[in-house]
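Novice: Sequence:
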Amino acid sequence: MEEPAANPDLELTPSLSHRLAEVAWAFLPLGWIAFGGPQAHIALLQERFVARRRWLDEQRFVELLGLGQGLPGPTSTQMVVAVGTARAGPLGGLLAFLLFLYPAATIMALAGLGVATFLDEGGRPQWLDGVQPATVALVAVAAWRLGVAVVNTRLTMGLMLLGAVVTILVRQPWAFPAALALGGMVTAVALRTRRHDTNDQSESIPLDNLGISRAAGVLLLLLFFGLLGGLILARLALDDWSGLQILESFYRTGSLIFGGGQVVLPMLSAEVVEPGWVTEQQFLDGLALMLALPGPLFSFSAYLGAVAGGVPGLLLAFVGLFLPGVLMIFGVLPFWEQVRRYPWVRIALTGVNATAIGLVVGVVFLLWERADPSAAGAVIALLAFGSVMFFRVPAPLVIVGAGVLGWIFGSAGLL
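For reference, each letter of the sequence shown is one residue, going 0 to 414 in numbering that gives the first Met the number 0.
No lab work stands behind these hints: they were computed from the structure.
Predicted model only: the values in this text are computed from it and were never measured.
For each label pair, taking beta carbons as the anchor points, the in silico distance ranges come out as: (1) Val392 - Ala20: 35 to 43 Å; (2) Ala233 - Gly385: 43 to 51 Å; (3) Arg144 - Trp343: 22 to 30 Å; (4) Trp343 - Leu413: 51 to 59 Å.
Virtual Cβ for every residue (Gly too), placed ideally from N, Cα, C.
Just need the whole structure built from these sequences, with the hints factored in.
Specialist: Okay, here's the thing in structure tokens:
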């Protein structure tokens, strides 16, 4: 006798509270183990939520990844928000966001608040003199790996060089978004004949709005652009309020960076070191600590804000840098199915990404110049680069080893 077919209407869907609990349980440990930068974070998300928990299939995961890569803000963090939203709506996305960020953000905030005591210019421990050249080496490794993945034609090589030259010579905040925009326009014009060839005709599972209406999406996008323009105008009118300066600088930076990771370093350096909010020494010391921690590099904002303005500064800097990416991914989700079909979007992003790699290459030179290492420092940098690049030693172990070498070389008078 044939069994009656299951009625989908009778199948129980987990309640929102149950799904939020699942998100909390799944993301609680991730912020403590997410080492290795954006690509490693994405691989971790794929393993946890596609292969293991099956919250998403591969096609939808790739759709979300494409969405994050096409928006300003840290891609891996936007993927965290998108995965949480896919499971439990906007509340799930916000919960995943907070749980993913809190370990590194908390440690960096405490480090920034204690910088006057522990990392001041007069009493810096010797081991930090070894950590700084290793930090530059880790950024160089990131630039190399990103370049191999993105820079594969003469055009993208030229745009990468453009980004590096702008970073080294201009050193002004306005130059970075200008270079990125130029890279996108050059690629869109140079590859305009390929637009029809790049049109995506592949079958994929539609990416629905995941609990966000189109009206809400429009409001969030208007809020994104309204805050960007409003903060810029407010700073021009009230430039003497340091809190507004911090919020505007970090919000503008978060609105103009695609991909996240080390790409944000040139702009952060220009925004906080050039005006004197943070010294070069403090910037490098904080960056070394950030590179030894799990989680997104954007959490560096908590440290920089704390050094520049105490508790209010760290809150303004942290919110300012992350808020644009969160607003954008929530705002664009309802429209992504339409946006992704425009070939010029993907073509322009090729140029934007190549130019962004150039910014990272340029910042390697700037950080090396600021570190001003001795011969022993150069040895530490070389060992750090080789350890990560060729022997796949985890970055936290490299930072610890560099600190030990810094103490040894410093005690011997070589640093």
